[in-house]
Amino acid sequence: KAGVTQTPRYLIKTRGQQVTLSCSPISGHRSVSWYQQTPGQGLQFLFEYFSETQRNKGNFPGRFSGRQFSNSRSEMNVSTLELGDSALYLCASSAQQGMPTEAFFGQGTRLTVV
Amino acid sequence: QKEVEQNSGPLSVPEGAIASLNCTYSDRGSQSFFWYRQYSGKSPELIMFIYSNGDKEDGRFTAQLNKASQYVSLLIRDSQPSDSATYLCAVISNFGNEKLTFGTGTRLTIIP
Chain A
435 KAGVTQTPRY LIKTRGQQVT LSCSPISGHR SVSWYQQTPG QGLQFLFEYF SETQRNKGNF
495 PGRFSGRQFS NSRSEMNVST LELGDSALYL CASSAQQGMP TEAFFGQGTR LTVV
Chain B
516 QKEVEQNSGP LSVPEGAIAS LNCTYSDRGS QSFFWYRQYS GKSPELIMFI YSNGDKEDGR
576 FTAQLNKASQ YVSLLIRDSQ PSDSATYLCA VISNFGNEKL TFGTGTRLTI IP
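First to last, the protein sequences are chains A and B. For the first sequence, position 71 (counting from the first letter as 1) is numbered 505 according to my numbering, and the numbering increases by one without interruption. For the second sequence, position 44 (counting from the first letter as 1) is numbered 559 according to my numbering, and the numbering increases by one without interruption.
No lab work stands behind these hints, which were simulated from the structure alone. A portion of the hints provided could be inaccurate.
No farther apart than 27 Å at their CA atoms in a straight line, the calculated lysine-lysine pairs in the DSS-like style are these [stated by the list, open to error]:
(1) B:K557 <-> B:K571
(2) A:K491 <-> B:K557
(3) A:K491 <-> B:K582
(4) A:K447 <-> B:K557
Okay, chain B solo, but in the shape it has when bound (with noise of 0.2 Å):
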């Protein structure tokens, strides 16, 4: 069982419409989470982090963790074609330490 798990995609949403990515992570103990979004040939983008259970929003994201079933989310509201990219889910287990372990990726296509 990989670590961090992601649905690879692609994933198409229609312009406007909200876009949901999902994460489930193996270790019970995960104490942070980040969502980072990569343009093709570039690096990684923090886009959001959250550490309690719950919802957090910015903008037009919303970040949400359950802990209890070990998946954390995001969800893009009023896509835009800018959204397209791939979208990497980051775990960090332990404090004390900065080691991101990401998950694979899913591949977000917005649809003008």
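Isolated chain A (complex conformation) (with noise of 0.2 Å):
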């Protein structure tokens, strides 16, 4: 069974660009969650999306974004970049809503702005 799949692995961008993010969860499982780590915050939550619904989101401004599709992948943009915005990105896959369950991680997407 494929695990999380993350693209792309590594980018490097420049400050007022924007970037888009994509994350293939675990087969059958519809929960997508979207954490930005970073050294001085650690890991922090940005979104979940749960058939194609966003069902929770974090305290980012509005510059962070997300969808997803009918086959539960996930995409996550962020516009106007800034140098604050370098961070591993990551994406986790639970099964089902309700009763929480395990979420698995993507290698991320280390993101850097310069």
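Two chains, two frames, some hints: make the complex.
And the structure:
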């Protein structure tokens, strides 16, 4: 069974640009969550999607957005990049709603903003 | 007060000994508790999850949950050098969503 796949693995962008990251969850998983990890702030929740609907959102500015497709694949977009957006962006998938189940992480996308 | 607190360490434990990692949380209504291991440069890997008060054992790992005291711990028996990593405690507050709130992690070093 394939794990969570994130693409690309590495990105270098310039301030002011926008970026789109992709996440394919484990087959059969319908919940996809996104996290930002930085040395200073640790792992912080961005948002969660379930059945193409955003079910939860963290405390990030509106420059951070996401969506989920009918096949459960998800994308997140960051517009007008800032230096502080440099981080490891992690996607996690889990199986079901209701009773929380284990979330499995992808390898992440390391974004560097210069 | 942070929602999930962990001692950042580093915690050094001799090989073969028991490593004890602790985590406290502020939301008394929290429902689910997870321990993740993260090697440097890698993504978090789920080790254990626990929902009910008491102990849950899986191989060398034991998770302990005390909802009255709002703490959860992870014991690693017979510690191995390969256990050296950062251990992240995570909490889900409400059923019906999958938002994990993480502690900042405890860096564990197993000394051969």
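Right, here's what the structure says about each hint:
no. : hint              : verdict
1   : B:K557 <-> B:K571 : 26 Å, holds
2   : A:K491 <-> B:K557 : 25 Å, holds
3   : A:K491 <-> B:K582 : 26 Å, holds
4   : A:K447 <-> B:K557 : 21 Å, holds
Comparing the model with each earlier hint shows no violations; every hint is respected.
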